[in-house]
Each structure stands twice: as C-alpha cells, then as structure tokens.
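K.L.:
Here is how the chains run, residue by residue.
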Amino acid sequence: MTPLTVLRRLGYALGLPLVLVAVWWFASAGSTSPFWPPLSTIVAKFPGTWFSGRMTEDVLPSVVRLLVGYALAVVAGVAVGMLVGLSRRVRAFTEPTLEFFRAVPPPVLVPLIALFLGYTGSTSKVITIALGCVWPVLLNTVEGVRGVDEVLLDTARCYHLSRRSRLVHVVLRGASPQIAAGARQALSIGVILMVISELFGANRGLGASIVQFQRGFAIPEMWTGIIMLGLLGFVLSLVFRLVEHRALAWYRGLRDANRGA
Amino acid sequence: MSTASIGPSRSRRLPLPGSDALLGVLGLVTVGVVGEVLPRSGLVNPHYLPPTSQILARLAQIVVDPDFWTLLGLTVRGWALGLALAMVLGVGLGLVIGSVPFLRDATSSTIEFLRPIPSVALIPLVVLLFGSRLPSALVLVVYAATWQVLVQVLYGVADVDPVARDTARSYRFSVFSTGRHVVWPTALPYVVTGFRLAAAVALILEITAELVIGVPGLGQTIGVAQSSGAVPETYALVIAVGLLGVAVNLLARAIEKRVLRWHPSVRRDAA
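Protein chains in written order, with UniProt numbering: chain A, 1 to 261; chain B, 1 to 271.
Don't read these hints as lab results, they were simulated from the structure.
Hints are supplied without guarantee of correctness; some may be wrong.
Unchecked claim - Derived contacts from chain B toward chain A, CB cut-off under 8 Å, selection only:
no., residue
1, G27
2, V31
3, V34
4, I207
5, V212
6, V238
7, V246
As the list claims (entries may be wrong) - Straight-line alpha carbon distances no greater than 20 Å define the calculated SDA-like cross-link-like pairs of lysine to any residue that follow:
no., chain 1, residue 1, chain 2, residue 2
8, A, K45, B, L122
9, A, K45, A, G230
10, A, K45, A, A29
11, A, K45, A, E57
12, B, K257, B, L197
13, A, K45, B, L125
14, A, K45, A, T32
15, A, K45, A, A22
16, B, K257, A, E99
17, B, K257, B, A247
18, B, K257, A, E143
19, A, K45, A, M55
Cβ atoms here follow ideal geometry from the backbone N, Cα and C, with glycine treated the same way.
Put together the whole structure using the sequences plus the hints.
P.N.:
Next up, the structure:
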C-alpha cells in the first residue's frame with residue numbers, strides 16, 4: 001500500500017465521523033434546551049461520571065453478567081442444537097416448540113423470571129440473558145447441522161473417524177458459519193436484555209445508572225451513559241468480528257475458492 | 001448436471017407425508033403435559049408456574065375480551081408503522097449509498113460504528129422527549145430495524161454483477177432503468193432478508209418499549225399483570241405475544257416466498 005492510499009483510506013474512515021461530531025459540537029454549543037445539552041458539557045462530565053467508581057461498581061458487573069449469560073447460551077445452544085440437528089425425528093419433534101420459543105420476544109422473559117427469583121440479584125439477570133440468547137444460537141445450529149455435506153459425513157465414516165472427531169471436525173465445523181450468524185443475533189439480544197433486566201426493581205448497573213440519571217434529570221450524565229452504552233456495543237461487535245474472523249478463516253478461503261472456480 | 005446417479009445411495013426411508021407435522025404437534029403436547037405435571041406434583045411452586053390447563057383457560061378468556069384485541073391492535077400498529085418506516089429509510093438510503101462508490105466509502109465506518117449501538121440506549125432520551133406514547137416506541141423500533149435493512153441492501157447492491165452493470169452502461173441505460181432492471185433484481189433477495197430480520201427485531205423493540213416505558217400495548221399489560229400478581233394471566237399474555245411472534249415470522253416467510261417466486265433459491269426449494 002502506498003502512503004497515498006493509506007491516507008485516502010484514513011480520510012474515508014475518519015472523515016464523516018469527524019464531520020458528524022463537529023456538527024453535533026457546534027450545533028449544540030449554545031443550546032439551552034434541557035434535553036440537548038452542549039456536547040462540550042457532556043464530554044466534560046464524562047470522566048467524573050464514570051471513572052470515579054461507577055466503572056467498577058456498575059459497568060463491570062453489567063458486562064460480566066452479559067458475558068456469563070451469553071456464554072451459557074452459546075454453549076447450551078450449540079450442544080442442544082447438535083443433538084436436535086443430527087436426528088431427523090428429534091428435529092421434527094422439537095421444531096414447532098423451538099420456533100415458538102424463539103418467536104417469544106425476549107423482553108417478556110423479565111416479568112416471568114421475576115416471578116421465580118424476584119429481580120434483585122445477579123442470577124435472575126444472567127438467566128434472563130441466557131434464556132433470551134439461546135434460541136437464535138440453537139436454531140441456527142440445527143440448521144447448520146442439517147446442512148452439513150452428506151458426502152463429507154460418509155467420507156469421515158469410511159475413514160473410521162471416531163464419533164467424537166466426526167462431531168467436532170465435520171459436523172461442528174461444517175455448521176460453524178451458521179452458528180456464528182446465530183451468535184451474532186444473540187449478542188445484540190444479549191445487550192438489550194442486559195439493559196432492560198436492570199430497569200426492574202432497585203438495581204445497579206450500566207442500564208440502571210442511565211435511567212437513574214434520566215429520572216433525576218441529570219441530563220448531561222444521561223447522555224454520557226448513552227455514549228457509554230454505544231461504545232460498549234461497538235467494542236463488543238468489534239471483538240465478535242475478530243473472533244469470527246479467526247474462527248471462520250477456513251470458510252472464507254473455501255468460499256472464495258468456490259467463487260473463483 | 002445430473003447428480004441423481006452419483007449421490008450417496010442411502011437407503012434412508014422417506015418419511016410418510018404429514019408424519020413430521022404429527023411429531024411436531026406431539027412435541028408441543030409433551031411440553032404442555034410437562035407444564036401441567038410439574039406444578040401439580042409440587043415439583044414447581046404453582047404460584048410461579050401455574051398448570052398448563054389454567055394458563056390455557058385464562059388465555060381462552062382473554063381472547064374473547066375485546067380489550068385484548070384493542071391492545072393487540074396497538075402493538076401491531078406500532079410494529080407495522082415502525083417496520084414500514086425502517087423499510088423506506090433502509091431501502092432508500094441503501095440504494096443511494098450503495099450505488100455511489102464515494103458515499104459507500106465515506107459512510108462505511110460511520111455505519112459500522114452506529115449499527116451496534118443498542119437502541120435501548122435511547123430509552124431514557126425518548127422517555128424525556130415523548131413519555132410513554134407511540135413516538136417513543138417508534139424511535140426505538142425504527143432505529144433498530146433500519147440497520148438490519150440498510151446493511152442487507154448494501155450487501156445486495158454490492159453483489160450486482162459487474163458485467164451486467166457494464167452492459168447496461170454500454171447500452172446507455174438511464175440511471176432509472178439501470179436501477180430497475182440491473183440493481184433491483186439483484187438486491188431484492190437481500191431486501192427481503194432485511195425485511196425478515198427487521199420484522200422480528202421490530203417486534204422485540206415494540207414489546208420492550210411497552211414493557212419498560214409503558215407505551216400502551218400487550219407488553220405493558222404483561223408488566224401490569226405480573227406486578228399485580230396475576231400469574232396465570234401473565235403466562236397467558238406471554239403465550240399470546242409468542243403467537244404474535246410466530247405470526248410475524250410466518251408472514252415474513254410467506255412474503256419472502258411470494259416476492260421471490262422467480263428467484264432460483266425459492267424455485268429450488270419448491271422443486
């Protein structure tokens with residue numbers, strides 16, 4: 001890459017974001033509207049709001065709950081999805097039930113789980129996140145397992161690969177692009193549930209903080225919270241993309257080869 | 001290409017027609033029976049999980065109540081309005097941005113940054129601006145659903161065959177007819193995928209807005225039922241919302257089939 005193309009790419013990547021931030025900065029500069037404080041005020045409030053204890057007491061626990069619930073959902077979704085996807089009968093038996101559970105909008109899980117566990121501790125929130133995230137992973141795994149190349153499976157059998165390595169190297173790997181698609185859907189559901197699970201009952205956490213600012217009419221602080229949540233969403237999707245990029249490198253190569261052929 | 005003769009010669013018995021559907025119904029019945037036995041046997045406190053029969057009886061009562069249909073109408077209205085706005089915005093922006101290379105390069109980083117921002121982050125803002133009224137729900141639904149459509153449309157426009165595009169240019173197609181005859185047919189399957197994803201996301205955000213902000217609709221009613229201790233009613237309403245979700249998915253798939261009747265992916269499915 002010549003320095004000029006690097007420069008041009010950088011210009012494209014940073015140009016519009018800089019323009020937008022500048023527009024926000026100057027358009028809000030003299031704002032006296034209580035709902036749209038000047039961006040300069042929001043930026044000035046940011047460190048004091050988040051870096052004096054809130055980061056470790058509110059943000060970190062929220063993120064940990066999200067990650068634990070999400071991890072549980074992915075593991076359970078892939079495991080059950082493989083079981084269901086491998087047998088035609090099991091698939092037919094469970095399909096309408098699973099489709100129904102997937103169609104239930106995950107936020108309504110909050111009141112249901114509140115019945116069982118109340119809604120003060122972390123457990124109920126982790127369970128909410130896990131139960132909301134599991135369906136896209138599960139159903140995509142089922143689809144992916146069903147789509148695994150029959151010839152590959154037969155070949156693996158002919159070569160007397162053990163059942164375990166057939167599952168891991170042929171079925172799981174073959175289904176992984178679909179699983180990744182499900183996991184991506186699940187991640188955005190997880191973030192939604194992380195926030196709204198904190199809005200019920202007296203709670204701490206990132207989502208709860210933002211709503212407390214809003215109720216206390218601490219509007220610049222509320223805006224810092226919105227930005228914080230936006231940054232969190234961005235970072236999570238970045239990490240997801242990196243992991244996916246590594247895990248599916250073989251798939252991209254295969255697809256490009258097929259296209260080129 | 002004839003693959004029939006070289007395919008793996010499996011002696012897998014073909015299922016009887018309808019037997020899959022029967023198994024599926026059996027699966028649903030099994031879940032219902034488990035839901036009946038667990039609370040009746042005392043394994044689960046019936047105050048947390050009422051027996052299936054009670055939930056279904058309550059559901060039957062709710063369904064004949066005209067109030068339920070009013071609330072359902074409000075939910076569906078918010079969903080449909082938000083989805084329609086998101087489709088117009090997403091398809092319009094996507095076609096324009098996708099067709100102009102400069103715009104595509106200049107906006108991609110911004111789109112990648114804004115898209116993962118969870119729309120629930122906007123909840124406090126819309127509460128201040130609109131309170132618990134329809135516009136609050138609309139903002140959340142439109143923000144969440146538009147990205148799904150926009151990104152798919154961008155993929156779709158990028159997928160247009162360069163040879164077809166150059167051919168159109170050689171024949172001096174106008175901008176409009178290039179769009180109509182070259183770009184649109186390629187992008188359409190992506191648009192429809194975007195629609196299907198957006199329809200599901202829109203329902204999630206509509207219900208979230210009702211449950212969390214109190215925008216009138218079924219979600220708000222679920223919150224009220226739960227906090228007033230009406231347990232069977234809470235479950236019955238959740239089932240109703242789930243059925244609405246199933247209906248939304250089926251509708252989206254039916255539209256997909258219908259719009260893409262001519263498309264190879266659907267034709268292959270039908271064959």
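K.L.:
Do the alpha carbons of K257(B) and L197(B) lie within 20 Å of each other, as the hint requires?
P.N.:
15 Å, holds
K.L.:
Would you mind confirming whether the straight-line C-alpha gap from K45(A) to E57(A) stays at or under 20 Å?
P.N.:
Roughly 18 Å separates the two Cα atoms, so the pair holds.
K.L.:
Would the stated hint for V34(B) survive a check requiring a Cβ distance to chain A of less than 8 Å?
P.N.:
11 Å, violated
K.L.:
So if I understand the rule, the pair passes when the alpha-carbon distance is 20 Å or less; does K45(A) with A22(A) pass?
P.N.:
The given pair, whose Cα atoms are some 18 Å apart, holds under the 20 Å limit.
K.L.:
Minimum Cβ distance from V246(B) to chain A below 8 Å?
P.N.:
4 Å, holds
K.L.:
A closest beta-carbon separation below 8 Å is what the hint needs, so does V238(B) meet it against chain A?
P.N.:
Holds: closest Cβ of chain A sits about 5 Å from V238(B), inside 8 Å.
K.L.:
Starting from K45(A), check that the Cα of L122(B) is at most 20 Å away, please.
P.N.:
19 Å, holds
K.L.:
Below or equal to 20 Å on CA atoms is what counts here, so check K45(A) against G230(A).
P.N.:
At roughly 17 Å apart (the allowed maximum being 20 Å), G230(A) and K45(A) satisfy the hint.
K.L.:
Report holds or violated for the interface hint on V31(B), using the least CB-CB distance to chain A and a cut-off of 8 Å.
P.N.:
Holds, about 5 Å.
K.L.:
Is the straight-line distance between the alpha-carbon of K257(B) and that of E99(A) 20 Å or less?
P.N.:
19 Å, holds
K.L.:
K45(A) and L125(B): Cα distance at most 20 Å?
P.N.:
Cα-Cα ~17 Å, so holds.
K.L.:
Please verify whether K257(B) and E143(A) have alpha carbons no more than 20 Å apart.
P.N.:
Given pair K257(B), E143(A) holds - Cα atoms ~19 Å apart, limit 20 Å.
The structure fails hint 3 only (numbered hints given earlier).
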